[in-house]
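With the hints as your guide, set chain B onto chain A.
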Amino acid sequence: MPLASLIQLKSIARTFTLGDSKVHALRDINVSISPGEYIAVMGPSGSGKSTLLNLIGLLDSADAGAYTLEGRDVNTLDQNELAKVRSERIGFIFQSFHLVPRLTAAANIALPLILSGMSAAERNKRVEQALKEYGLTDRAQHRPNELSGGQRQRVAIARATVQRPAVLLADEPTGNLDRVTGEEVVRLLEALNAQGMTLIVVTHDPVLGARARRQIRMEDGSIVSDITQPTA
Amino acid sequence: MLTLDSTRFAIQAMTAHRLRSFLTLLGIAVGIAAVILLTSIGEGVHRFVLAEFSQFGTNVIGISPGKVKTGGQPPSGIPTTARLLTLEDAASLKKLAHVTGSTPTVWGNSEVGANGRLRRTTIYGVDADFTQVFSSSVNIGHFLPREGAGGARGFVVLGSKLRHELFGSANPLGAKLRIGGLHFRVIGVLAPKGQFLGIDLDDTAFIPAERALELYNREGLMEIHVTYEQGVSSASVAAAVKNTLKIRHGHEDFTVTTQEDMLKTLSNILNILTMAVGALGGISLLVGGVGIVTIMTISVAERTNEIGLLVALGAKQRTILNLFLSESVILALLGGALGLLLGVGLAQLIRLALPSLPVHTPWHFAIAALVMSACIGLLAGVLPARSASRLNPIEALRAE
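For the record, the sequence lines run as chains A and B. Each residue of the first sequence is one higher than the one before, starting from 23 at the first, in the working numbering. Each residue of the second sequence is one higher than the one before, starting from 260 at the first, in the working numbering.
Chain A on its own, in the form it takes in the complex:
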């Protein structure tokens, strides 16, 4: 691989304690991801794919193993540094969109910028730009309950990418959408990937998974296959 790796996971393990029993959500995960890759993580429920995604997204930390993100050992970062990396380098897209219901589309997109302490003038410019890019300009002042499912996920994607992160993490991004809108959202994500953003999608849907160049299959917390399709 010619490029230095963006994400490097070495012998990662994560264990949860549920009552008396220990659940091994992740065991001995070794993955290296290069900038600009398009990866689908697949597997049955409880196979650990969401845990992996949360771990890459710095919402969770490993019990064992090393995680290097853009050359930095994540274990050495404190809470505030982790928040800063999440804010600037990582974008999350959720199955249920997770829009704040009382805020307008524009205000939802502005959230990461507000949290990072950006000035209002700079922020408004960035939000306006994002609204235009995702064709949401005429929906800017609508609240989530006045938007269709596709529009909602577009707002969520705009919010995830407004800070221009290095990695976009999508957990079942089409799970709550019908085929047509889902297709539309996937194309949007792929377009972002084409612009160089690393895209990691967790999905049940084999059709969606098959579109990724690299497919990682998980079962019982372990990676069972990691296939990179030759570029067509």
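If you're looking for bench data, these hints aren't it; they were derived computationally from the structure. Glycine is no exception: its CB is placed at the ideal position from the N, C-alpha and C atoms. One or more of the hints may lead you astray.
According to the in silico footprint, chain B covers these stretches of chain A (three or more CB under 8 angstroms from chain B) [what the hints assert, rightly or not]:
{"#": "1", "stretch": "78–87"}
{"#": "2", "stretch": "97–106"}
{"#": "3", "stretch": "134–147"}
Computed, partial: chain B to chain A, Cβ under 10 angstroms [claimed, not checked]:
{"#": "4", "residue": "M260"}
{"#": "5", "residue": "D264"}
{"#": "6", "residue": "S265"}
{"#": "7", "residue": "F281"}
{"#": "8", "residue": "A499"}
{"#": "9", "residue": "L569"}
{"#": "10", "residue": "N651"}
Leaving out everything else, chain B in the frame of chain A:
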């Protein structure tokens, strides 16, 4: 995150639940209004009472027989074994530096007869300095004249009420008047002085102290009152008075109370009263604060999802803490402002409706009320905000 942004975010969260937020801040508003109203009444009473007491002037020193070491005065009129204060003692104080007047005081209650009418009234035995010491003024005639020891003539000066009762509108000057078994001649009438703590100051007769001692068969004075020049420290005059009397008596067997001390003590008592009624209002404020804790706890529970999202979007723990804290502070501050308006408004209304009830709202109360509500908001918000900032983001995102 900028303060302006977190404030706006908090306000948006509050306005999303208008009724709920309003009811919560109403709790604080009622508490603050109660505190303001009650302390306003307390403060009004405080000022009213102090004004009543200082209407005789604040530069008065009282000397009473007997040494009291524990504070307060022995009940007047009850014989004590202490050495008596005499007319000579009172006269000796007149010569002190800065002292402008000194009057012996003996009082009692006697039947007064004149003009064919009888009336039971308060008799004061004083001397010529009385008008000066007690800021009284003579309406017609003269006050008691300055006379040498042992030669006080049987003159009497009437309070305006007593004059009215005995003589009606007729001129009382020169009239004969009997008090107990003694005879007096009316030489003056005082200007009306009004009431003092329910005592009618005008239903009185003033006779020379010497005659009063005779009338009541007493050997010593009940009190000596001394006035001094304005601007001279009361402590230095009190010290001079003490010195003189110590020399005369051989040791300190009398008690010197400055008006300043008395007012200070009184003021302290009234302050405690104000605080006590304020504390009563504080109870409702406390309930209001509990209301904020409740609503913030509910809010954190409802918005678990949102908190998880904010963490995923890069919010620091501190940011989450600040968001919820500012929400409860703003809620409490708005409640405080509303309560302030309510409290001051009610106080003014009381002033209009019941002019006799003294009400006074000092500005520092208003500011203290706002600061207090902000503090309540902060305190009430701490627990819910902390639990919000410590949520596990993954579980928070999963919550529905």
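Hint by hint, here is what the structure shows:
1. 78–87: As far as the stretch 78–87 of chain A goes, the hint holds, because 3 residues have Cβ atoms under 8 angstroms from chain B.
2. 97–106: Per the Cβ count (4), the hint holds.
3. 134–147: holds (count 7)
4. M260: Status holds, d = 5 angstroms.
5. D264: holds (5 angstroms)
6. S265: For S265(B), the interface hint holds, since the closest Cβ of chain A sits about 8 angstroms away, which is under 10 angstroms.
7. F281: With Cβ-Cβ at 16 angstroms, over 10 angstroms, it is violated.
8. A499: violated (69 angstroms)
9. L569: Given a least distance of 7 angstroms, the restraint on L569(B) holds.
10. N651: holds (9 angstroms)
The earlier numbered hints that this structure contradicts are 7 and 8.
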